[in-house]
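Number of protein chains: 2
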Amino acid sequence: MPVNLLAPEAHTLLPVKGVQLGFAKAHVRKADRKDVLVIKLSPGSHVAGVFTQNRFCAAPVVLCKEHLDLPEPHEIRALLVNTGNANAGTGEEGLQRARQTCTALAELLTCAPQQILPFSTGVILEPLPVDKVIAGLPDCIANLSADNWLNAAEAIMTTDIVAKGVSRQLSLNGKTVTITGIAKGSGMIHPNMATMLGYVATDAAINQAALEGMIHYAVNRSFNCITVDGDTSTNDSLIFIASGQSGAAEINDESADYVALRDALTEVATLLAQAIVRDGEGATKFMTINVQGGKDEAECRKVAYAIAHSPLIKTAFFASDPNLGRILAAIGYAGVHDLDVNTLKLYLGDVLVAEHGGRAVSYEEAQGAAVMKEPEITVRVDLARGAAAVTIWTCDFSYDYVKINADYRS
Amino acid sequence: MPVNLLAPEAHTLLPVKGVQLGFAKAHVRKADRKDVLVIKLSPGSHVAGVFTQNRFCAAPVVLCKEHLDLPEPHEIRALLVNTGNANAGTGEEGLQRARQTCTALAELLTCAPQQILPFSTGVILEPLPVDKVIAGLPDCIANLSADNWLNAAEAIMTTDIVAKGVSRQLSLNGKTVTITGIAKGSGMIHPNMATMLGYVATDAAINQAALEGMIHYAVNRSFNCITVDGDTSTNDSLIFIASGQSGAAEINDESADYVALRDALTEVATLLAQAIVRDGEGATKFMTINVQGGKDEAECRKVAYAIAHSPLIKTAFFASDPNLGRILAAIGYAGVHDLDVNTLKLYLGDVLVAEHGGRAVSYEEAQGAAVMKEPEITVRVDLARGAAAVTIWTCDFSYDYVKINADYRS
Numbered sequence: 001m002p003v004n005l006l007a008p009e010a011h012t013l014l015p016v017k018g019v020q021l022g023f024a025k026a027h028v029r030k031a032d033r034k035d036v037l038v039i040k041l042s043p044g045s046h047v048a049g050v051f052t053q054n055r056f057c058a059a060p061v062v063l064c065k066e067h068l069d070l071p072e073p074h075e076i077r078a079l080l081v082n083t084g085n086a087n088a089g090t091g092e093e094g095l096q097r098a099r100q101t102c103t104a105l106a107e108l109l110t111c112a113p114q115q116i117l118p119f120s121t122g123v124i125l126e127p128l129p130v131d132k133v134i135a136g137l138p139d140c141i142a143n144l145s146a147d148n149w150l151n152a153a154e155a156i157m158t159t160d161i162v163a164k165g166v167s168r169q170l171s172l173n174g175k176t177v178t179i180t181g182i183a184k185g186s187g188m189i190h191p192n193m194a195t196m197l198g199y200v201a202t203d204a205a206i207n208q209a210a211l212e213g214m215i216h217y218a219v220n221r222s223f224n225c226i227t228v229d230g231d232t233s234t235n236d237s238l239i240f241i242a243s244g245q246s247g248a249a250e251i252n253d254e255s256a257d258y259v260a261l262r263d264a265l266t267e268v269a270t271l272l273a274q275a276i277v278r279d280g281e282g283a284t285k286f287m288t289i290n291v292q293g294g295k296d297e298a299e300c301r302k303v304a305y306a307i308a309h310s311p312l313i314k315t316a317f318f319a320s321d322p323n324l325g326r327i328l329a330a331i332g333y334a335g336v337h338d339l340d341v342n343t344l345k346l347y348l349g350d351v352l353v354a355e356h357g358g359r360a361v362s363y364e365e366a367q368g369a370a371v372m373k374e375p376e377i378t379v380r381v382d383l384a385r386g387a388a389a390v391t392i393w394t395c396d397f398s399y400d401y402v403k404i405n406a407d408y409r410s
Numbered sequence: 411m412p413v414n415l416l417a418p419e420a421h422t423l424l425p426v427k428g429v430q431l432g433f434a435k436a437h438v439r440k441a442d443r444k445d446v447l448v449i450k451l452s453p454g455s456h457v458a459g460v461f462t463q464n465r466f467c468a469a470p471v472v473l474c475k476e477h478l479d480l481p482e483p484h485e486i487r488a489l490l491v492n493t494g495n496a497n498a499g500t501g502e503e504g505l506q507r508a509r510q511t512c513t514a515l516a517e518l519l520t521c522a523p524q525q526i527l528p529f530s531t532g533v534i535l536e537p538l539p540v541d542k543v544i545a546g547l548p549d550c551i552a553n554l555s556a557d558n559w560l561n562a563a564e565a566i567m568t569t570d571i572v573a574k575g576v577s578r579q580l581s582l583n584g585k586t587v588t589i590t591g592i593a594k595g596s597g598m599i600h601p602n603m604a605t606m607l608g609y610v611a612t613d614a615a616i617n618q619a620a621l622e623g624m625i626h627y628a629v630n631r632s633f634n635c636i637t638v639d640g641d642t643s644t645n646d647s648l649i650f651i652a653s654g655q656s657g658a659a660e661i662n663d664e665s666a667d668y669v670a671l672r673d674a675l676t677e678v679a680t681l682l683a684q685a686i687v688r689d690g691e692g693a694t695k696f697m698t699i700n701v702q703g704g705k706d707e708a709e710c711r712k713v714a715y716a717i718a719h720s721p722l723i724k725t726a727f728f729a730s731d732p733n734l735g736r737i738l739a740a741i742g743y744a745g746v747h748d749l750d751v752n753t754l755k756l757y758l759g760d761v762l763v764a765e766h767g768g769r770a771v772s773y774e775e776a777q778g779a780a781v782m783k784e785p786e787i788t789v790r791v792d793l794a795r796g797a798a799a800v801t802i803w804t805c806d807f808s809y810d811y812v813k814i815n816a817d818y819r820s
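Residue numbers (the working numbering), protein chains in the order written: chain A, 1 to 410; chain S, 411 to 820.
Don't read these hints as lab results, they were simulated from the structure.
Every residue, glycine too, gets a C-beta built ideally from N, C-alpha and C.
Check each hint, because a few of them may be wrong.
[To be verified] Below 30 Å or equal to it, Euclidean Cα-Cα: the simulated BS3-like pairs (lysine-lysine) are:
id: 1; chain 1: S; residue 1: Lys475; chain 2: A; residue 2: Lys345
id: 2; chain 1: S; residue 1: Lys712; chain 2: A; residue 2: Lys302
id: 3; chain 1: S; residue 1: Lys705; chain 2: A; residue 2: Lys65
id: 4; chain 1: A; residue 1: Lys403; chain 2: S; residue 2: Lys813
id: 5; chain 1: A; residue 1: Lys17; chain 2: A; residue 2: Lys175
id: 6; chain 1: S; residue 1: Lys783; chain 2: A; residue 2: Lys30
id: 7; chain 1: S; residue 1: Lys444; chain 2: A; residue 2: Lys373
id: 8; chain 1: S; residue 1: Lys435; chain 2: A; residue 2: Lys65
id: 9; chain 1: A; residue 1: Lys175; chain 2: A; residue 2: Lys132
id: 10; chain 1: S; residue 1: Lys444; chain 2: S; residue 2: Lys755
id: 11; chain 1: A; residue 1: Lys302; chain 2: A; residue 2: Lys373
id: 12; chain 1: S; residue 1: Lys444; chain 2: S; residue 2: Lys475
id: 13; chain 1: A; residue 1: Lys30; chain 2: A; residue 2: Lys65
id: 14; chain 1: S; residue 1: Lys705; chain 2: A; residue 2: Lys302
id: 15; chain 1: S; residue 1: Lys783; chain 2: A; residue 2: Lys65
id: 16; chain 1: A; residue 1: Lys30; chain 2: A; residue 2: Lys132
id: 17; chain 1: A; residue 1: Lys302; chain 2: S; residue 2: Lys435
id: 18; chain 1: A; residue 1: Lys403; chain 2: A; residue 2: Lys302
id: 19; chain 1: A; residue 1: Lys65; chain 2: A; residue 2: Lys34
id: 20; chain 1: A; residue 1: Lys302; chain 2: S; residue 2: Lys475
id: 21; chain 1: S; residue 1: Lys475; chain 2: A; residue 2: Lys295
id: 22; chain 1: S; residue 1: Lys712; chain 2: A; residue 2: Lys373
id: 23; chain 1: A; residue 1: Lys403; chain 2: A; residue 2: Lys30
id: 24; chain 1: S; residue 1: Lys783; chain 2: A; residue 2: Lys403
id: 25; chain 1: S; residue 1: Lys712; chain 2: A; residue 2: Lys295
id: 26; chain 1: A; residue 1: Lys403; chain 2: S; residue 2: Lys444
id: 27; chain 1: S; residue 1: Lys427; chain 2: S; residue 2: Lys444
id: 28; chain 1: A; residue 1: Lys345; chain 2: A; residue 2: Lys403
[To be verified] Some, not all, of what chain A presents toward chain S, calculated at C-beta under 8 Å:
id: 29; residue: Tyr347
id: 30; residue: Gly349
id: 31; residue: Phe397
[Unchecked claim] To be clear about the criterion: a stretch of chain S counts as covered by chain A if any three or more of its residues have a C-beta under 8 Å from a C-beta of chain A, and this derived list gives those stretches:
id: 32; segment: 498–512
id: 33; segment: 524–536
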């Protein structure tokens, strides 16, 4: 069951001026579920994206990069998402099929195929059923609406249990600006650029350079800080959209409101990223891993991910077992070669667990057991050798993780 | 259930001249099980060891290195192993307790404490019950025998289901030389120097330099090529013993028989290492991952371990599901940044599965499904960009892995 994660109510996902969403049940893989989504953008929108670094990146990721890299005044006019098939590991044929879907949607919207960004998620290594996707497009166009964010969040789900979306509003110079984001993802989650699929739209006006700066800032503090199983997907994509329809002045790198807007976008991205972990396949615990006192961020990340990826630690958390020796072992093999284990400190919640290379004298098992019973647990490591710090989020490893992934294709 | 792994019969583990083994039920953690082992060596034996690179290495590992590093004519006279407690993450107090066990055994054997090598395996971060270990030593001494190899293999088990041991004989210049090895290990298995615990003894005479060359050669082709869960233990230790009691001439780096003996020791080490994977926690499949055509061994290892550590791939193998896209994804995120996915080839068993960046035209799902039903499966990746190759062994990821590790301490 997802950890402290409820589906958003339809009314809590605020419309974003200049952004319309339409969906269809196109039977891409399963009957009677929303599986194709179109996000239509008003002219003048700016779009920025970050994508998986997997060498086997999917055909739609290749096309997204190609279309985003075209020089201005080229504008993106719509996003097209299908679930049920990832169109990854599909070679040249896969690229052609992705292009076909762009061409079909471009004809319906009277624009060029290069103004469409395609996205796919689902099974890898199988041909995209392109006819089904295209057959679903008229339905998507027919129900385009600014109020469809919850339907959109549902349309991009795969093994997700709960739809993921969040909205924020802020005031920029007297004008109200809205940000709404949705995301999907539950397994194969260890984004190296972004997560499986995430879309964050605002009606603020942001120039292209500022928007790209904001997405890189946000992704490194949100989607690039989560892991479910250490598997970096072939399709990870995060898109920021600025429609410019709010009436607030355009933001550039020098604007007084740059930081406020960047931080609001980062907050939305962080909540969406955490929602993916809360809905991690089989998750019963939400774990925050905070590593501080490092010489640099890189070594903090090594230690944090060694803890977050250890199946022994993740199963111990599933069992609510304060088997803290497994955490010490992971710190020890994280690859920080000159680490002094006698000076670091390990905390579980607020409880000091280990210091001086062993169990803290003050530690009692009952303290650890009490923390482990909580659904949300913070593991804190103080490396005590510098000022760098990193926080990442992950979940535990349960019977259901095995069940979900042993059954996924059947 | 262990994959194609039967416990050795007592008579198949051959005595090694100059090596005696004694055991006790000392109640270190559980009642009524062999949990303390003494391996007594005849004077003149040479001993070499390789150990975990985990920064939180256990107290007995620290002492082993200290005692092995003493200059000749210092001789190791006995090995002392306990299960039930790893004496790791125990700080200065842990070192003192490990020293106490060495001192106690040294008194019984009339030698110096520095002539004892201590080993511990079991729960981390808990104080070693040193009194129980020491109380078991007289029983160990009382039943010392050259015929106790199977008892010894049983005495070092923790979550192992099957005892692991193997013997080989070869003829060196008309003299029969015996090699017998035992090992334990099932979880927290991703040796970075050696596995949890492995002991290989021969009555061949081998000088110290040659023995150390052989252990490094063997470990890099055996224990350093296996993984169960990617967790590198705090206690990994592999020991080679050469008692010199066979009557064959001493082997040095220049000897004609060097290669034959080295290869026989490597074969014993490899079989023991594979036995650990076959008995991997919850294992139902034994997987051989062969990566060839790499520019160097390092990139072959990256790809092989990305496949071997992926929970998504391991659960798919558990389900006998030829979900090969997950393997492509792992190859893609392995960290070989200039990898061309269009030239590599992926085989499952002898079946060509993927080429030209996607599914092979000749591939049919039924072929993959047939291979996946086997208990032993080879995954072969041809990177097609060089001459380097690496083979590693791993197992699948099942409900029982979660069960074993969620329950281990209770």
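Checked hints:
The suggested pairing of Lys475/S with Lys345/A holds, with an alpha-carbon distance near 26 Å, which does not exceed 30 Å. Restraint check for Lys712/S and Lys302/A: satisfied, since their Cα atoms lie roughly 16 Å apart, inside the 30 Å limit. Restraint check for Lys705/S and Lys65/A: the C-alpha separation of about 29 Å stays at or below 30 Å, so the hint holds. Between Lys403/A and Lys813/S, the direct Cα distance comes to roughly 13 Å. Compliance with the 30 Å bound is thereby established for this hinted pair.
Under the criterion of a C-alpha separation no larger than 30 Å, the hint pairing Lys17/A with Lys175/A is consistent with the structure, at around 13 Å. Distance hint between Lys783/S and Lys30/A is fulfilled; the C-alpha atoms sit about 26 Å from each other, no more than 30 Å. Using a Cα cut-off of 30 Å, the hinted pair Lys444/S and Lys373/A is violated, with the two alpha carbons roughly 34 Å apart. Among the hinted pairs, Lys435/S with Lys65/A is inconsistent with the structure: their alpha-carbon atoms are about 65 Å apart, more than 30 Å.
A threshold of 30 Å between alpha carbons decides the hint, and for Lys175/A with Lys132/A the separation of about 42 Å lies outside it, so the pair is violated. At roughly 49 Å between alpha-carbon atoms, Lys444/S and Lys755/S are farther apart than 30 Å, so this suggested pair is violated. For the hint linking Lys302/A to Lys373/A, the alpha-carbon distance of about 27 Å falls within 30 Å, and the restraint holds. Restraint check: the Cα-Cα separation between Lys444/S and Lys475/S comes to about 26 Å, which is no more than 30 Å; the hinted pair holds.
With a C-alpha separation of about 29 Å, the suggested pairing of Lys30/A with Lys65/A holds against the 30 Å cut-off. Distance restraint check for Lys705/S and Lys302/A: the Cα-Cα separation of roughly 26 Å lies within the 30 Å cut-off, and the hinted pair is therefore satisfied. For the hint pairing Lys783/S with Lys65/A, the CA-to-CA distance comes to about 40 Å; that exceeds 30 Å, so the pair is violated. Between Lys30/A and Lys132/A the alpha-carbon distance is near 11 Å, which keeps this suggested pair within the 30 Å criterion.
Using a Cα cut-off of 30 Å, the hinted pair Lys302/A and Lys435/S is violated, with the two alpha carbons roughly 41 Å apart. Taken as a hint, the Lys403/A and Lys302/A pair is honoured in the structure, with Cα atoms around 29 Å apart against an allowance of 30 Å. The suggested pairing of Lys65/A with Lys34/A holds, with an alpha-carbon distance near 26 Å, which does not exceed 30 Å. Between Lys302/A and Lys475/S the alpha-carbon distance is near 27 Å, which keeps this suggested pair within the 30 Å criterion.
Simply put, Lys475/S and Lys295/A have alpha-carbon atoms about 29 Å apart, close enough for the 30 Å limit, and the pair holds. Proximity of Lys712/S to Lys373/A is assessed by CA-CA distance (about 37 Å); at most 30 Å being required, the pair is judged violated. Proposed proximity of Lys403/A and Lys30/A is supported: the alpha carbons are some 19 Å apart, at most 30 Å. A threshold of 30 Å between alpha carbons decides the hint, and for Lys783/S with Lys403/A the separation of about 18 Å falls inside it, so the pair holds.
Using a Cα cut-off of 30 Å, the hinted pair Lys712/S and Lys295/A holds, with the two alpha carbons roughly 26 Å apart. For the suggested pair Lys403/A and Lys444/S, the alpha carbons sit about 36 Å apart, so the restraint of at most 30 Å is broken. Restraint check for Lys427/S and Lys444/S: the C-alpha separation of about 24 Å stays at or below 30 Å, so the hint holds. Of the pairs offered as hints, the one joining Lys345/A and Lys403/A is violated, with about 36 Å between alpha carbons and a cut-off of 30 Å exceeded.
A hinted interface residue such as Tyr347/A counts as satisfied when its beta carbon comes closer than 8 Å to some beta carbon of chain S; here the least separation is about 14 Å, so the hint is violated. The beta carbon of Gly349/A comes no nearer than 17 Å to any beta carbon in chain S, farther than 8 Å, and the hint placing it at the interface is violated. For Phe397/A, the interface hint holds, since its Cβ comes within 8 Å of a Cβ in chain S; the closest pair sits about 7 Å apart. Figure legend: the segment 498–512 of chain S, annotated as covered by chain A; annotation consistent (7 residues with Cβ-Cβ distances under 8 Å, at least 3 required).
Look at the segment 524–536 of chain S against chain A: 4 of its residues bring a Cβ nearer than 8 Å to a Cβ of that chain, three or more, so the hint holds.
Of the numbered hints listed earlier, those contradicted by the structure are 7, 8, 9, 10, 15, 17, 22, 26, 28, 29, 30.
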